[in-house]
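Listed in order, the protein sequences are those of chains A and B. Under numbering that gives the first Met the number 0, the first residue of the first sequence is numbered 0, with each subsequent residue one higher. Under numbering that gives the first Met the number 0, the first residue of the second sequence is numbered 0, with each subsequent residue one higher.
Any given hint could turn out to be false.
[To be verified] Cβ-to-Cβ under 10 Å is the rule here; a few derived chain B residues that face chain A:
1) F48
2) K134
3) V221
4) R241
5) V243
6) D256
7) A406
8) Y415
9) D436
[What the hints assert, rightly or not] Residues from chain A that keep clear of chain B, each with C-beta distances beyond 10 Å, as calculated:
10) L29
11) L45
12) K85
13) G97
14) G295
15) V338
These aren't lab readings, by the way, just hints derived from the structure by calculation. If you're wondering where the values come from, they're calculated on a predicted model, not measured in any experiment. Ideal Cβ positions, reconstructed from N, Cα and C, are used throughout, including at glycine.
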Amino acid sequence: MSAMTSAKETADAAPRVRRRRGAHPLARFLFRRILTAVLLAWGITLVTFVLTNLVPGDPVTANLGQRALGDPAIVAQWRAEHGLDKPLWEQYALHLGGLVQGDFGVSQQSHRPVAEDLAQFVPATLELAGAAIAVSLVLGVAFGVVAALRRDRLPDHVLRVLSLIGISVPTFWLALVAFYVFFYRLQITPGSGRVDPAIGEAPAVTGLQTVDALIAGRWDVFVSAVGHLITPALVLALYTIGLLTRFTRSAVLEVLGQDYVRAARAKGLPGRVILFRYVLRSALVPVITVAGLAFGSLLSGTVLVEAIFAWPGIGQYAYKSATTLDLPAVMGVGLVVGVVYLVINLIVDVLYGVIDPRVRLQ
Amino acid sequence: MATRSQTAAVLLAGALALAACGSGGSGKSNGGGSTAQGGGRTLVIDTSFDLKTADPGRTYEPTGLIIGKAAYETLLTFEGSDVTKPVPALAESYELSEDGKVLTLKLKKGATFADGSPVTADDVVFSLTRVRDMKGTPSFLLDGVEVAKTDDSTITLTSKQANPALPYILPNPALGILNSKLAKSHGATADSQDKAEQYLNSSSAGSGPYQIESFNVSSQVVLKKNDKYYGTKPFYDKVVIRNVEAATQKLNVQRGDSQVALNLSGDQVTGMPASLSVKKTASANVIFLFANQDSGISKTTPNAKFVEAVRKGVDYAGLLELAGEGATQTPGVIPSQLLGALGADQATKRDVAGAKAALAASGLSNPTVKLEYPSELTVNGLSFQPLAERIQANLKEVGITVDLQPAPVTTALDNYRNGKEEMGLWYWGPDYPDPSDYLAFLPGKTVGLRAGWKDGADKAASAAGDKAAAAVGEDARKQAYADLQKQLNASSPFVPLIQPSQNIVTATSVTGLEYHPVWTVDVADLAGK
Chain A
0 MSAMTSAKET ADAAPRVRRR RGAHPLARFL FRRILTAVLL AWGITLVTFV
50 LTNLVPGDPV TANLGQRALG DPAIVAQWRA EHGLDKPLWE QYALHLGGLV
100 QGDFGVSQQS HRPVAEDLAQ FVPATLELAG AAIAVSLVLG VAFGVVAALR
150 RDRLPDHVLR VLSLIGISVP TFWLALVAFY VFFYRLQITP GSGRVDPAIG
200 EAPAVTGLQT VDALIAGRWD VFVSAVGHLI TPALVLALYT IGLLTRFTRS
250 AVLEVLGQDY VRAARAKGLP GRVILFRYVL RSALVPVITV AGLAFGSLLS
300 GTVLVEAIFA WPGIGQYAYK SATTLDLPAV MGVGLVVGVV YLVINLIVDV
350 LYGVIDPRVR LQ
Chain B
0 MATRSQTAAV LLAGALALAA CGSGGSGKSN GGGSTAQGGG RTLVIDTSFD
50 LKTADPGRTY EPTGLIIGKA AYETLLTFEG SDVTKPVPAL AESYELSEDG
100 KVLTLKLKKG ATFADGSPVT ADDVVFSLTR VRDMKGTPSF LLDGVEVAKT
150 DDSTITLTSK QANPALPYIL PNPALGILNS KLAKSHGATA DSQDKAEQYL
200 NSSSAGSGPY QIESFNVSSQ VVLKKNDKYY GTKPFYDKVV IRNVEAATQK
250 LNVQRGDSQV ALNLSGDQVT GMPASLSVKK TASANVIFLF ANQDSGISKT
300 TPNAKFVEAV RKGVDYAGLL ELAGEGATQT PGVIPSQLLG ALGADQATKR
350 DVAGAKAALA ASGLSNPTVK LEYPSELTVN GLSFQPLAER IQANLKEVGI
400 TVDLQPAPVT TALDNYRNGK EEMGLWYWGP DYPDPSDYLA FLPGKTVGLR
450 AGWKDGADKA ASAAGDKAAA AVGEDARKQA YADLQKQLNA SSPFVPLIQP
500 SQNIVTATSV TGLEYHPVWT VDVADLAGK
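Whole structure, please, built from the sequences with the hints as guidance.
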């Protein structure tokens, strides 16, 4: 909701701004939002740094063998190598200084720059989450509309039960069951990972396996990649589908009862026009708010889904970093996820203006 | 109304089409899901990754050792799963001087690296000095060992004290021999300034049967056959080692998506279909209990009679039941595979009456102690939680109240390492398969100190340790280490419990699998039908 109010506030200010400076209100709005986003991103770095340093446990114990731990020279060398011998404020200053230059530090587990790790793992998650978002938008909205149009009839009842299941079933359990049923029992989906190990991956260009396969013209890799994508993406999408179905249903029902819809129907407009131009357009505003928030939670779902499907994405990386107290990696993941949240919120705010002219023209 | 229902029908049809499209795609890719197609024979191994690097000089994690063993060769190695006798690898013979201080190795002729260049004495000197001086995790393996080349085919390793364990240390994949010219050109140095790790993570510089094709520390490692390997060529052209969580490993191997699953627990391997073979071998990891001897930490646990009560009060057979088939009780701290291990007949047996008597003699009445252990850690698929609960129940019968204090491993390890746990439940895996690794349990040594057992706290144990460390010759060492363990069982704060079973599930088409206590599995040994 905060996104909505801020969008409205900006919209209130917009006409005056236009008169004064001639800047496009959208540009002005974007500028302000990006400025806030930078401040928020800085806040995220501070919070992740403080939190990762507050957790009990010493990264040394997580990274060195039991024997090596007994040798002070090795422990000291390791601390120096990872900058842990410096006071906390200096560690943070160094971390922040590095971030400004795009340097996330060096991961203690992979011994590589965190930026390189992220560049490798983020695309895998983007591919998975992107597929899940696409599926949940299409199915969630479609189901919601169908349920609303068929209110209190069989399709409505079925879809409402389904959406309730989608919302209430834990992703972790669902992932296990889906893998067991579709992969092991029914044998219709491929196993874990992103592509079949015997086929091998396409050379990395974008990091998105499906896109890279097409670039390389490897049809076999593409088919394998799409096949591997389906189950985890559906599992991940189910919660959002359930949520969107419910919200779309209630939003559409509300709009269907409005006078202008009745008027449109009375003057004999075709049902398609009424649905898309009159009903959906108004109904989508609250749906977009929910979708924005839901996609944020989708990212946390990837941690669990990636573990079950051995999907080499940022979720697995985050989990491993957290359990081995790999502080630079944890902070890198925290920042990336935070920025994704900010970007999604920004997109949601901009979409308001696009869908609902009142937000702009008030 | 008609139009509205049409729209709904279109939307629904669209949704169904999307779903249908999805299952169609997956069906097709499943068809291509068999291994051994196109580019030769592929073996897929699923394991829960414990991996940081593929640079042998920095490797110390189980998954890293599997890769190191495949891509690099060491001076000596072990045959199959027998770790009691080091055999030649890059060295064709070795000889330990009578005082145990000088190990002389003759290099094999004709050994070549993957780029075709010969393996020289200089490569050996560089590789071993690099491990020692880079101060990485495995550097302790060669602590205080001087490496020198006497001539083009002879290497001497000189230690200040008798070091009869050295031939057992050399097979560790961390001591794999690098192509020094190639490694140096990518930043390798024999000190902490070394910059070769990134290169060694992307492609290997060894003489082993496999080379690293791709390396991803948290998802998968692909090994390809070294076409120029001078020895017996391995069976599989490509080995894919994937990071897969245990529950998924089980389904993958059952469905044939992978051929080997390394991390299944005893429960998970029961009732496997006949198309799979299950190898259950006692691992070399010893799970043990200790009672802190530092009176600053506890008023209860330093009491010798209290330790005796614990030792007699634990139900070892019950713990074995929990651990499942293949697990075994450890009579002393040294696991059964190693030289000097005590026989099963010398294992401590439960004696509740004896335990109660010991507790009465301790002068403590209804003692309560805290038992700390890593809550989420599993050793060979066995979790510490049920073990701790069982021990709590066992000791309750004796009259000791155990307050369980689980903590995440990184937190728990901190307390353990600093000797702050009143009682602890931990495990020790051999750094190298030689009993001298277990001298760490002596007073004033690494593990001893963690139990608050300071230097000089137990003269008899220290003397037995010194004798074992100095013993040279197989029989003398065997006897000395057996004596040492009997002494530890009588007076130390350690109660050795069990060695959990390492369960390896393979497709029956895979042959030649042996569980190895150091590198788990040698992929070059695996073949197919």
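Going through the hints against the structure:
1. F48: 8 Å, holds
2. K134: 4 Å, holds
3. V221: At 8 Å from the nearest chain A Cβ, V221(B) passes the 10 Å test, so the hint holds.
4. R241: 6 Å, holds
5. V243: This interface hint holds because 4 Å falls under the 10 Å limit.
6. D256: 3 Å, holds
7. A406: Holds, about 8 Å.
8. Y415: 9 Å, holds
9. D436: 8 Å, holds
10. L29: 33 Å, holds
11. L45: 23 Å, holds
12. K85: 18 Å, holds
13. G97: Since the minimum Cβ distance to chain B is about 18 Å, G97(A) lies beyond 10 Å and the statement holds.
14. G295: Label holds. Min Cβ-Cβ 23 Å, cutoff 10 Å.
15. V338: 21 Å, holds
The structure fails none of the hints (numbered hints given earlier).
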